[in-house]
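Number of protein chains: 2
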Amino acid sequence: MTAWTGSAGAMRPGDPGALPTPVLVVGTGLMGASVGLALGRAGVVAHLRDHDARHVEGARSVGAGTVRPPGDVGLVVVAVPPDALGTAVVEALREWPQAVVTDIGSVKAAPLSAVAAAGEDSARYVGSHPMAGSERSGPWAASADLFDGRAWAVTPHQRSAPTAAAAVRALATTCGATVVELSPADHDAAVARISHLPHLMAALVAGSLLGCPPEHLALAGQGLRDITRVAAGDPALWRQIVAANAGQLRGLLESVRAQLDALLTGLAGDSVLETLLQRGVDGTRLIPGKHGARDPLQSVLYVAVPDAPGRLAQLFADAGQSGVNVEDLRIDHDPTRPVGLVEIVVTATSAPTLARSLAERGWSVHS
Amino acid sequence: MTAWTGSAGAMRPGDPGALPTPVLVVGTGLMGASVGLALGRAGVVAHLRDHDARHVEGARSVGAGTVRPPGDVGLVVVAVPPDALGTAVVEALREWPQAVVTDIGSVKAAPLSAVAAAGEDSARYVGSHPMAGSERSGPWAASADLFDGRAWAVTPHQRSAPTAAAAVRALATTCGATVVELSPADHDAAVARISHLPHLMAALVAGSLLGCPPEHLALAGQGLRDITRVAAGDPALWRQIVAANAGQLRGLLESVRAQLDALLTGLAGDSVLETLLQRGVDGTRLIPGKHGARDPLQSVLYVAVPDAPGRLAQLFADAGQSGVNVEDLRIDHDPTRPVGLVEIVVTATSAPTLARSLAERGWSVHS
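Residue numbers (the numbering used here), protein chains in the order written: chain A, 1 to 367; chain B, 368 to 734.
These aren't lab readings, by the way, just hints derived from the structure by calculation. We put the beta carbon where it would ideally sit given N, CA and C, even for glycine. Among the clues, some could well be false.
[What the hints assert, rightly or not] Short, incomplete list of chain B residues facing chain A, as computed with Cβ under 8 Å: (1) M498; (2) S510; (3) L564; (4) M568; (5) V572; (6) E582; (7) G590; (8) L591; (9) T595; (10) V597; (11) E621; (12) L644; (13) I654; (14) Q681.
If we strip away everything but chain A, and leave its shape as in the complex, we get (with noise of 0.2 Å):
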């Protein structure tokens, strides 16, 4: 269980490295097709397969690769839906007796468990998951830059080959993406806690809205807009990902539902919501990245917005001409008010001088 992230920085995306060719990609849709696109910009001929004529037709004619049959294959990439990820991986292996298999599906101990109950040699599997995605799909939707800077996980196993990973990584360091090697059991205790734990509590969230008032709505802001974002997405294709890691999630969703428990016999302010509360806030400072984490080197302007056309991208050129490097920012507003507020982050030593800068320039700046 080590993070292995080594040789992102030092690779440059779209070099092709240690990637066995040709290259098969079994499933065309958004994930498919992105891969295509992605090794094509790196200057590897991706070789195109779907059932669906449709969607292997149209990742050909986005430009993901050849729908012409490889005469032979160094690597498959499967990527069909998690329901079918088994299935798939084990024809692959048997139809290229020489080739390394990997999938790009969500969940990362099944496929492996199909292989071996098929009784499949695994030394030639490595299972891997690019933690990118969009609320679009279909081959149409495909992009070369969908991988770039994501996390992309590598699971090898206790039977696989050293020379499997080793391609299983080069793939996904030339769709631009960085490494991540861990277990496919900690991959899925993984993914359990960071995105589909947190999947359902969006979707438990976002459905109690069910029957609420327009007028209640009226109230909401950014918090719950961001809280329930993620529930928008493809339901058949989560019902796939949260049953097939089931294992995983239930410790989790019981632990909640625990809490929720000693919760309702609490609400009046005893204790138990306390510790909750606590819990969070701490959980917060856990995630890396701009948001999650409160980084003492970093700070917020706050910069008034009018929601008329141009102003945001006055402010943006404003910005610019700071000479200020911005490190992230946010925008909270909804088409009712006739002014948004934009959260600008930069590092702390910087701040005064944008805040100065915008001022100058007639914003009105609040840190």
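Knowing the structure of chain A, use the given hints to seat chain B on it.
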């Protein structure tokens, strides 16, 4: 139970309109001091009072008003923590028998009950609740802009005088906010659903990260950061808020627990899971604002931005050059990744223009 939002567009923020003066602000933390600053911006000097001499001096020093005692008072704005709210409102009604009294706390039935229980005439009391705040606290973090463009709930009740409600609406619009009028019970039901339940769920998700190995957290993406962001809020304040609205929250929490119970029996992928996920999708579509609801008139462009000084500022400058009005944007990156993805929301008709303009300037853009 009607939403009253008519005057915000017609009334210039900063126009004191029908505001009774002098205004006394009781409690000069972030919220009270921001009310003072916003009133000052509109030409109304607030009188400031706080048990904490450091706070009242802080509020004065940032320009939130005067510490000179008022000879007479037209409107008292009570801005103390939830646990102290009822007592402070009753005291204000007794001390200033001619004044309108409001408060700006997060829960509205409890202070009204305190007024009734104390035997006070509640005609002069109308509670309110600006939907604004900050992760920071204290008068030093206050801002005249805090309420600009935000919803401000005003909650008349059966015994309140129309003139009292009008005075509180004038306070809200003078501070730059948009009035949403509903009953105290409706307000509390609304915030239980759109704010307090989501906060508790976010805290449960964030709390579930405790003990998570750092290499698992390396897979975290924007979704987790968005879902958990509000859980970083002050736990002492949120304990008081949740406890004061326990009655409205109980039914919502029981419904969530019942759905969790059902889910734990249906995790393998049956209809319980599908229903929960579909309810989530449907719920997100109810939320007003640019993130939650899918607006068919808007498009999203994705731009890959190297995480290097000046690149984001350059993107803003280039976007400004295109002449297209940016409706919204979001940045997804973390410090371990070399490239960030910027999502730019524009009207569907202007998306091709911006995409072409940015591509011509060398940006990698996809939609």
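Check your understanding: Checking against the hints above, which ones are violated?
Key -> none
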